[in-house]
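Protein chains: 2
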Amino acid sequence: MRQPAGRSVRRSGGERKPREERWAELIDVATQVFYEKGYDGASLQDIADRLGMLKGSLYYYIQSKEDLLFDVISTVHRDGLAVVRACADRPGDALERLEGVILGHVEHTCRNLVPTAVFLHELSSLPEERSREVLGSEHAYQGVFRDLIEQAQRDGLVRPDVEPRLAALSVLGSTNWVYRWFRPGGTFPPEAIGAQFADMAIRGIATEEALAARAGRRAALTAAAGS
Amino acid sequence: MRQPAGRSVRRSGGERKPREERWAELIDVATQVFYEKGYDGASLQDIADRLGMLKGSLYYYIQSKEDLLFDVISTVHRDGLAVVRACADRPGDALERLEGVILGHVEHTCRNLVPTAVFLHELSSLPEERSREVLGSEHAYQGVFRDLIEQAQRDGLVRPDVEPRLAALSVLGSTNWVYRWFRPGGTFPPEAIGAQFADMAIRGIATEEALAARAGRRAALTAAAGS
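Top to bottom, those sequences are chains A and B.
At position 111 of the first sequence (counting the first as 1) the number is 151 in this note's numbering, and the numbers step up by one without a gap.
At position 144 of the second sequence (counting the first as 1) the number is 184 in this note's numbering, and the numbers step up by one without a gap.
Treat the hints as calculated values from the structure; they're not laboratory data.
Heads up, a few of these hints could be off.
Since the list gives no way to pick out one identical chain from another, each pair is judged satisfied if it fits inside one copy or across any two copies.
With a straight-line Cα cutoff of 25 Å, these simulated DMTMM-like cross-link-like pairs (lysine to aspartate or glutamate) come out [unchecked claim]:
| # | residue 1 | residue 2 |
| --- | --- | --- |
| 1 | K95 | E203 |
| 2 | K95 | E60 |
| 3 | K77 | E190 |
| 4 | K95 | E173 |
| 5 | K105 | D133 |
| 6 | K105 | D80 |
| 7 | K105 | E65 |
Looking at chain A on its own, in the form it has when it is part of the complex (with noise of 0.2 Å):
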């Protein structure tokens, strides 16, 4: 959460709760308002509305509606590429960690539906150099999918004719199309399509070799969780 200089100072006063509490809600209302009537189309007086303020008190926290776009679009990303690198992160040769990064994009990707298509259809709509700075985070998400596919790679466990950057492309395709088509309560959960977008992706560029071990790996975890 990005908030204006001097207001976000830690400190042990009572006022400090409601405020942080009314940014976030300030941070949700403008999210919805700009998935419903796109950047262009939504104006502060819309926010303030739906917020029950007055146009003029949101300046306490901004100053402007591009500061709200900033906020939105960055820190859905920021807290998506935090998902997906403590994933990358965790124990493992770099083809199970990269299934982990899959997993984890898919679940944060279908419970952040909203913020997710503002990012993906308003980014163009934030000045360039401010989409420079999404844009960094952008290329950094990209880096942890590629990083692992290389790693893994020069491992033995992905097919030498593969190349990386549109594995990595792939992978993230397919994951990130889920914003458009997941609704919550339908027919397959978060768990379910990462479970099976993170195999098809697995299979699509393991070596045979690789393949067998985790087969094996796989049967040895029912082996012992039947047993």
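Keeping the supplied structure of chain A fixed, place chain B upon it in accordance with the hints.
Using the frame of chain A, we list chain B on its own:
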């Protein structure tokens, strides 16, 4: 290409070609302006200015800005659908045909980046009735992929634990996503992207027997090409 009633009648008069050319130019310019400014931010004045026409002259071709958006969106979608359906109808088993569909879809997307982006970002700007008209085609699109995967599963070519709908959405996601990162003249030509994406998708869902048969066919083709 959609034209107002009575203006697309085939006849041998000398006026027809210039009018069709002008219409195609109008659609190209509208696509570009919607892409650059977003549908809400784009005006008929912007489009007329770029064509060097008076805004009033646009009404010879259309009744509203919405007509232009509908045309851009439905045209790229209908053309893409024709491409994937043609690929799906070629000879071969369902998995071979799915491979062709993926190649065809990636190439179509790479060659139609701007209208694809307008379709994906602005579909929701159409009124419900018209977006439903296009959405019918979107489901038809997904159906081409899903039907082939279901057929391949019935024929024992796709693993029984694969959910055909999820597999279709995974493949559509990775191939649609190309519109966000592909740039003509970049490192990978459309054919190379399509080939790797198709290969990953087929390996991701196929049975071991189907993959062995596919490897055999490829080896035979390579041997035939070398002899």
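Checked hints:
1. K95 to E203: Classified as neither: same-chain Cα gap 51 Å, cross-chain 49 Å, threshold 25 Å.
2. K95 to E60: within (18 Å within a copy, 50 Å between copies)
3. K77 to E190: Neither way: K77 and E190 sit 41 Å apart in one copy and 38 Å across, limit 25 Å.
4. K95 to E173: neither (28 Å within a copy, 39 Å between copies)
5. K105 to D133: neither (44 Å within a copy, 54 Å between copies)
6. K105 to D80: both (10 Å within a copy, 17 Å between copies)
7. K105 to E65: within (15 Å within a copy, 36 Å between copies)
Hints 1, 3, 4 and 5 from the earlier list are contradicted by this structure; the remaining hints agree with it.
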